[in-house]
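S.K.: Protein sequences, first through last, are from chains C and Z.
Taking our numbering, the leading residue of the first sequence gets 1, the next gets one more, and so forth.
Taking our numbering, the leading residue of the second sequence gets 1001, the next gets one more, and so forth.
The hints are simulated quantities; they were obtained by calculation from the structure and are not laboratory data.
There could be a bad hint or two in this list.
Claimed, not checked - No farther apart than 30 Å at their CA atoms in a straight line, the calculated lysine-lysine pairs in the DSS-like style are these:
1. C:Lys69 x C:Lys150
2. C:Lys208 x Z:Lys1147
3. Z:Lys1268 x Z:Lys1225
4. Z:Lys1147 x Z:Lys1174
5. C:Lys208 x Z:Lys1107
6. Z:Lys1107 x C:Lys119
7. Z:Lys1173 x Z:Lys1147
8. Z:Lys1225 x Z:Lys1147
9. C:Lys208 x C:Lys123
10. Z:Lys1174 x C:Lys208
11. C:Lys119 x C:Lys208
12. C:Lys208 x Z:Lys1173
As the list claims (entries may be wrong) - Every beta carbon over 12 Å from chain Z, so not counted as near; a handful from chain C, in silico:
13. Arg19
14. Tyr31
15. Leu41
16. Leu48
17. Ile56
18. Met234
What the hints assert, rightly or not - Computed beta-carbon distance windows for the label pairs:
19. Z:Asn1236 x C:Thr122: 40 to 48 Å
20. C:Ala131 x Z:Asn1236: 51 to 59 Å
21. C:Pro212 x Z:Ile1088: 22 to 30 Å
22. Z:Glu1156 x C:Tyr31: 52 to 60 Å
23. Z:Glu1149 x C:Thr124: 50 to 58 Å
24. Z:Ser1108 x C:Thr122: 32 to 40 Å
Glycine residues also receive a C-beta, built at the ideal position from the N, C-alpha and C atoms.
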Amino acid sequence: MKVTPTETAGQRLGRTTRRRAAESVVRVLIYAAGLLSIVILLAIAVFLFVEARRSIAEVGLGTMLTGTKWFPTGTPKIFGFLPLIIGSLMVTGVALVVFVPVGIGAAVYISEFSAGWLKEVTKTVIEFMAAVPSVVYGFLGVAVLIPWVKTAFGLTSGMTALTGGLVLGVMSLPTVISISEDALHAVPDALRQGSLALGNTRWQTAYKVVVPSASSGIFAGVMLGLGRAIGETMAVLMLTGNAAVIPTNIFESVRTMTGTIAAEMGEVVFGGLHYSVLFSVGLVLFGITFVINLAADLVLERQRKRWRR
Amino acid sequence: MVMSAVLEEVAMEAPFSGTGRSRTYAEGAEEISGSFSLTDVSVAYGNETVIAGVDMLVPSRAVTALIGPSGCGKSTLLRCFNRMNDEIGNVRVGGTITLDGLDIYQKSIDPVDLRMRVGQVFQRPNPFPMSIYDNVAFGPRTQGIRKREELDAIIEDALRDAALWEEVQNHLKKHAFELSGGQQQRLCIARALATRPEVLLMDEPASALDPISTQQIEDTIAELKDRVTIVIVTHNMQQAARISDQTAFMLRESMDQPAHLVEVGDTKRMFTNPNDKRTESYITGRFG
Ligand SMILES: Nc1ncnc2c1ncn2[C@@H]1O[C@H](COP(=O)(O)OP(=O)(O)OP(=O)(O)O)[C@@H](O)[C@H]1O
Ligand SMILES: [Mg+2]
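The following block holds chain Z by itself, in its conformation from the complex (with noise of 0.2 Å):
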């Protein structure tokens, strides 16, 4: 695994720092940065462990796909990228997660500012009940942002890069509540871009869209990725083979027993020759 390694080094050089609040995005090598590092992670809930022994690599800026049948704990996993675990009581994540060489889940580190780097986009869109402007300015805002100009810039990269900027420029005073399903998730988008993030994490965020929403999120996110790491959770096979650079497979395969990855890997290569019969028996519908 040359890939990993080369990942690895590159992620011992970028410490966690909480002072990244108003970085830009750049371009450029040593910028590289928000890349994941998972080893023997697992989750439980109350006694029942429901993952275990999870170990991948997730690349900087590229998307990952988490897929899976239903209830096999991918939510659960993504939630532990930005230890939005942490806000459910009675849930223990075990093993080790590492952001840019940094553990997420050492002492000194506030979960607060992990997930100013590590925004998250929900399965149904859950705008504030505000103005479209006040959406995007929310997470800015909690960085203590204030003045107008720069808000005003801020928002209009994150709607641009929500690809949303267009149908709404002229309405950011517009009740969120007043968009169509597709333009709110893609609002929520534009929220989580705004307060600049390395990675996103997304939970099926097409799943509750149309066909030419979802293909306006799939845009969207290709149009990020040399930005921003991306781990999205699908349940669309055909999605995650458009849209990620990588997949990873798991699988609960009895309920006595955790979940566990059954094969991570270059998503061509997963969806035209997997390693394991079980990812082959899911691609290709089998079961799940």
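Just chain C, same shape as in the assembly (with noise of 0.2 Å):
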């Protein structure tokens, strides 16, 4: 709008009017936004609990959330959750013991010790990394992983937990490095002046103070990284044996919870038990994940709050 000089002072006063207005629409629009998504979060737990009902009504919650055996096509047939769920953290613990040291080694070498095209290499390489589609990893994985595993421990088979956990770790190391490569870039030159001009190595400087200094955002890379490593389907149904034994060391085969649902939707009859049993371990696997979530969430908001401070 252009600004005349005979522009009285109302027609500046109904300009102003009309950037508010605009403003609000923005806002809205925002708020619209930030709502979807908590509509559309509510309505898969919804979705998925009303899919979920008739095995709840039918098996009771309890009974499959504390069963130890998986027999859903036996006679019998038995529900019970504990060795999809057990199966699923076991493979996931592994890839967390694998992500956690190398993601944030990798993450503290790129932003604090790696300069000019070393640097763009190795970031390119991470983020081709993630672009990598998770059956190619669980080729990978059949191909090299398994038979090594199993000369390596002297297993009769490669297809374990350690094996699924080792290749999930991989996968989540992309996100757990550029999350945490932001945080530890975004921690102030200044400080890192500041330890060494007391004398401290770049190495101390990094452990010292550049790495609690971004502490809050590494946590956020390691969550994301559990969540896909806990959400991740088709590498670990190539990898992990799927038998739905609960496991006792990371040496056994296991089934995770989405391995099940993968394997065994396509077969079971549209809106029977099965179905229905099938959608419930769907909605623990979300509730796992959004317990993951809040978790993350409430910690970083603690961190958040004392660095305000």
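Build the complex: two chains, separate frames, hints provided.
M.R.: What follows is the structure, given as structure tokens:
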């Protein structure tokens, strides 16, 4: 809008009012977008719950959650989730042991110790790792890791929780690395300078000042990596052997919640009991990821409060 | 230059050693140390030489002020004293800089050890995101001091020296970010003092602060100078005149040539009777 010298006070006022109106439209749109994501989340939960209702009524949520056996097609049918839940947790645990040290280490290396073309190459490679489809990771695991695990640990089968967990760990690395690296990058250079000027080496500076200063971002990266690992389906399906038995150690075959849903959904009667039970598994999975995210948010919020002081 | 000859001699007597870590400030002639001698010092960023031909002495236990127009290389020169330029890529330092007679750029010198002897306070307060106590204990812990009582004593000393003790003695566990800007800067001074350096470099330490905090920092400098050599960069002529014993005036006369030292000398003399026309113009505010 052109401002002319003949513009009256009233016209100017009108302009301000119009700008306010435009602002409030934008604000409403932003709220709507935020609201929409909550609505979608709720819709997923409701949808899962509706489909799972039959199994909750006929088998009982408690029975499913505490059941130690999974025989969905046997007589009688047994729907105990513990083998699947423990399977998922075990595979995720192995992945965590891989991606926490490797991921944080790589992020620290990229952010604090590499420079120039090496830094660019590393970052590009990591971005590329994120773009590789999970089925390809599965293939690699089948071709390389399964035989290796079998011979290295003297097992009868290389399809174990360890195998799946290792590959999941690698798959989660790009998430952990890029988010941690962002957090490290955001630490003001003045802090590094301050530490170096006190006679700390670059390495001491990294672990005593930079990493603690970026801890909340690194934590967020680890949580997202965890979410990625627990929700991953294809690779674990190909690598863990899928035995639905409560595992006692990581050298046994396991079946995860995601793997179960993916493998069995195609074979069940639509609307039948088994079908409904699989939705209950989905509901549990949904609950677990929700709790992880909530916990992460709470920790981050507490950190943020500490920083704001 | 009688004084410089004396200084050179004193400087020769005190060899550099990395073992002076738990040294306390001591009085008496034999401990006089912390004097720099610069010979034909130049600095280049990549292909661009920004400083050349700097010859000067930084006397022990006195305040030396570096003044000059913005961009003339004061911060760059200051970073030569603790080799912080090493941390910036593509910087070359030429000439010779000795600390108490020892060439600090020679191969056998680890800049990490040097920085424990030559502390630095930056333009903006940069406390670490941790408690007041941990901030001050940071350097001593790097030096391997772990005993609680020992740390407590060092921290109290350093905070007293930085004129912050009275305000924080009952809140040592408080997060450093809860302090005001001026308090944070004094915390950074305490943090630098806690490693018991012989030299303290200050790059416009009060430029981000209010007048009262500035006054407190200046008082602190006055208190410290009989124990620590201080080199301070400042844009404030009154401040240089008030707090320094020696003043060095740098100037980059055109962008095609590097900055050089126009004049170094006793502060009183320089502010009352400068040798060089350019110094006079700068001090009286005619340029820069
Ligand atoms: N990291 C760097 N890389 C390249 N050139 C630099 C770098 N730091 C400083 N310079 C250049 O060196 C010259 C001196 O900079 P310096 O920061 O030392 O000046 P200064 O006297 O401290 O200025 P001010 O008073 O504004 O702080 C400037 O021309 C600047 O552009
Ligand atoms: Mg500067």
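S.K.: When the structure is checked against the list of hints, which entries are broken? Sort them ascending.
M.R.: none
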